[in-house]
Amino acid sequence: MTQQSAEWRRNRLGMGVWPHQGEVAIVGWGQSPVDRRWDGVNMDRTLGAYAILAIKRALEDAGIEPEDLDGLLCCPENMAGNPGPAGSWGPYRPYFPPPYDSEDGLTVVTNNWLRGQMPELTNIQYAPDNVPAIGDGMGFAAQACADGMYQVGVYVYTANNLEGRYRQGGEFDNAHVSGNRQWGQPWGDYQGLMTSTNVPIQQYCERYGITWDELLSPFVINQHRNGLLKNPDEYEGWSYYYQYGPSQLTTEDYVNSRHIYFPLKIWDCDRPVNSVGAFVFATAERAKDMKQKPVYVANHSQGSGGRARSTQETLEDTEKAKEWVARLVYEGSGWSPSDVDIFNPYDGFSTFMPTTLEAFQWHGVGKGDAAAFLTGDIRVEGPHPFCSGGGNLGNGRTRTAMYIDSIQQLRGTAGPRQVSIKGGRPQTAICAFAPGNSAAYLCLTNEAPG
Amino acid sequence: MPKLIPVPDELSKPFWDAVNEKRLIVQHCTGCNTLQYPPRPDCQDCDSGELQWKETSGRGHILANMVVADGRLGRTRPDQPFNLAVISLDDDPKINFFSNLPGVPPYQVPIGAAVEVMFEEVEPGQLIHEWRLVEE
Ligand SMILES: [Zn+2]
Numbered sequence: 001m002t003q004q005s006a007e008w009r010r011n012r013l014g015m016g017v018w019p020h021q022g023e024v025a026i027v028g029w030g031q032s033p034v035d036r037r038w039d040g041v042n043m044d045r046t047l048g049a050y051a052i053l054a055i056k057r058a059l060e061d062a063g064i065e066p067e068d069l070d071g072l073l074c075c076p077e078n079m080a081g082n083p084g085p086a087g088s089w090g091p092y093r094p095y096f097p098p099p100y101d102s103e104d105g106l107t108v109v110t111n112n113w114l115r116g117q118m119p120e121l122t123n124i125q126y127a128p129d130n131v132p133a134i135g136d137g138m139g140f141a142a143q144a145c146a147d148g149m150y151q152v153g154v155y156v157y158t159a160n161n162l163e164g165r166y167r168q169g170g171e172f173d174n175a176h177v178s179g180n181r182q183w184g185q186p187w188g189d190y191q192g193l194m195t196s197t198n199v200p201i202q203q204y205c206e207r208y209g210i211t212w213d214e215l216l217s218p219f220v221i222n223q224h225r226n227g228l229l230k231n232p233d234e235y236e237g238w239s240y241y242y243q244y245g246p247s248q249l250t251t252e253d254y255v256n257s258r259h260i261y262f263p264l265k266i267w268d269c270d271r272p273v274n275s276v277g278a279f280v281f282a283t284a285e286r287a288k289d290m291k292q293k294p295v296y297v298a299n300h301s302q303g304s305g306g307r308a309r310s311t312q313e314t315l316e317d318t319e320k321a322k323e324w325v326a327r328l329v330y331e332g333s334g335w336s337p338s339d340v341d342i343f344n345p346y347d348g349f350s351t352f353m354p355t356t357l358e359a360f361q362w363h364g365v366g367k368g369d370a371a372a373f374l375t376g377d378i379r380v381e382g383p384h385p386f387c388s389g390g391g392n393l394g395n396g397r398t399r400t401a402m403y404i405d406s407i408q409q410l411r412g413t414a415g416p417r418q419v420s421i422k423g424g425r426p427q428t429a430i431c432a433f434a435p436g437n438s439a440a441y442l443c444l445t446n447e448a449p450g
Numbered sequence: 001m002p003k004l005i006p007v008p009d010e011l012s013k014p015f016w017d018a019v020n021e022k023r024l025i026v027q028h029c030t031g032c033n034t035l036q037y038p039p040r041p042d043c044q045d046c047d048s049g050e051l052q053w054k055e056t057s058g059r060g061h062i063l064a065n066m067v068v069a070d071g072r073l074g075r076t077r078p079d080q081p082f083n084l085a086v087i088s089l090d091d092d093p094k095i096n097f098f099s100n101l102p103g104v105p106p107y108q109v110p111i112g113a114a115v116e117v118m119f120e121e122v123e124p125g126q127l128i129h130e131w132r133l134v135e136e
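As they're listed, the protein sequences go chains A and B. Be aware that the first sequence starts at 1, since it is given in this note's numbering, and climbs by one per residue. Be aware that the second sequence starts at 1, since it is given in this note's numbering, and climbs by one per residue.
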């Protein structure tokens, strides 16, 4: 199968507006149920079974048949396993009869496995092996479509979670540390986002005279609220919290929640889940006769704004990095902050938010304004419907809520979350799976090409 | 508390050798007169490879503190909760170090307080740099 070239990324300033603006559209989405973990027993709840279900739902939403797909882009990344030093952690159990006689289909899903299980996908011409996780992956899918690699394709993102402690074990249990880890781990810094984005927020709070809980709890609570605002006919609600007994988080819950890297607490963190999302991309030409009003891709971006200058990232480092990210996104879309109706940045940790808001200057939020903004009215019904999808914090770590909500808002199908802009439907959206200082953003618009 | 033990490499060996002699050194770029820690092959500001080692004052201030209550590193988990403080170096506050602030109870860290470097043995023959409160 043809692979995408390594040059597909839009990860530096100076590349200008995406030349394929309006040539590619998202025409369908689907999401499986959102479970806390795969239980190791139920074969209709494996990641593979959920991937098939998500694809079927996305095709149904797009109003197309399996044979209409010529592109299959499944991200084979194993989220609970591979990334980071805990990569050697994994399930210890026997396998099952085919097609569950390896990890493929259980906790990882590849294009190859899907094609074996979905013989109805008779026209796949493009199914590359190197499909990245959803932040880069949505851009990868858009660029491949624009480059003519496929006409109608589905991007599949598998978020897995298994029994056991998430990302513990493996090298994290070693006594000796080498490489970059020698500068943090002797003191107990695991060198991830829970610490790198923690200190900048403490500095932010000190600079602007607000406490951590005052700054972040209203946002976290509003995310949970948005996560519970769903159309009742939308499958299981693409949310762990909606699916498993809705209950609204309170300030008291947040303030008293378990310490992780205090002041970072458990409700500042998204909940790992086992679930699969699927998005149908099509050329504008093919999209125009489909069931849904196309949502066009205005830009995609990748790369990173940078990282800590010294051992621990500081507020200054973060601000500099995110200013670069915002410039990249605005340059590539040709938009300015006032052009953005819907803003669904990534909230895997609540700590990402204040500096992201200020860098993107959404709704006029400048330096130092995020505290007042986040503690003000950010409900979907209000004047500043920030993160209208509820993100990861409000739905669980599917990493798809930012995209699904943006698509729905532009279509006008977000139901109880529907945002109204000057009495009408939103026209533009920015959404992302962009942890820390990542620049993996996707810009969407209702505007038809030409 | 048992700590993870650094394994020196070509780049870091001079640093850890100095720590084992109870000296805290950082890189100094002669091209642009910048201090740098952790060590890198080149200067992050001017890309110069002309880096020398320079001894620091060993004095700093507590920039922030996190209390590790549910961390991922197996070796340190039995000692939770413990401090994970960030110390900015007085010689150049853009440089920072981690510290567990031995002797300071978690949740009682005086942010902004002055500290000085000390050294702690993590296995026979290997010290690491740590920090303790001082009167200013
Ligand atoms: Zn230099």
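No lab work stands behind these hints: they were computed from the structure. On a predicted model such as this, the values are computed, not experimentally measured, just so you know. For every residue, glycine included, the Cβ atom is placed at its ideal position computed from N, Cα and C. Each hint should be verified, as a subset may be incorrect.
Claimed, not checked - One side of the interface only, derived from the structure: several residues of chain B facing chain A at Cβ under 10 Å:
1. Lys3
2. Pro39
3. Pro41
4. Leu51
5. Gln52
6. Ala64
7. Val67
8. Gln80
9. Ser88
10. Leu89
11. Phe97
12. Val134
Next item on the list: Grab the minimum C-beta distance from Val134 of chain B to chain A and call the hint holds if it beats 10 Å, violated otherwise.
Entry: 19 Å, violated
Item checked: Leu89 of chain B as chain A interface residue, shortest Cβ-Cβ below 10 Å -> Check passed: Cβ of Leu89 of chain B comes within 8 Å of chain A, closer than 10 Å.
Next item on the list: Mind checking the CB of Gln52 of chain B against every CB in chain A and telling me if the closest is under 10 Å?
Entry: 18 Å, violated
Notebook entry, point to check: How about Lys3 of chain B: closest beta carbon in chain A under 10 Å, or not?
Noted result: Holds, because the Cβ-Cβ distance from Lys3 of chain B to chain A comes to roughly 5 Å (cut-off 10 Å).
Next item on the list: Could you check if Pro41 of chain B really has its C-beta closer than 10 Å to a C-beta on chain A?
Entry: 13 Å, violated
Note to self: Would the hint on Ala64 of chain B be counted as holding, given a Cβ-Cβ threshold of 10 Å to chain A?
What the structure shows: This hint holds: Ala64 of chain B lies near chain A, its Cβ roughly 4 Å from the closest one there, short of 10 Å.
Item checked: Satisfaction of the Val67 of chain B interface hint, Cβ to chain A closer than 10 Å -> 4 Å, holds
Check: With 10 Å as the cut and Cβ atoms as the points, is Gln80 of chain B at the interface with chain A?
Finding: Since the shortest Cβ distance to chain A is 9 Å, the answer is holds.
Item checked: Agreement of hint Phe97 of chain B with chain A interface, Cβ distance less than 10 Å -> With a minimum Cβ separation of about 6 Å from chain A (threshold 10 Å), the hint on Phe97 of chain B holds.
Checklist line | Interface hint compliance - Pro39 of chain B to chain A, C-beta minimum distance less than 10 Å | finding: Interface hint status for Pro39 of chain B: holds (9 Å vs cutoff 10 Å).
Item checked: Interface hint compliance - Leu51 of chain B to chain A, C-beta minimum distance less than 10 Å -> 15 Å, violated
Checklist line | Evaluation of the interface hint that places Ser88 of chain B against chain A, nearest CB under 10 Å | finding: 9 Å, holds
Of the numbered hints given earlier, the model fails hints 3, 4, 5 and 12; all others are met.
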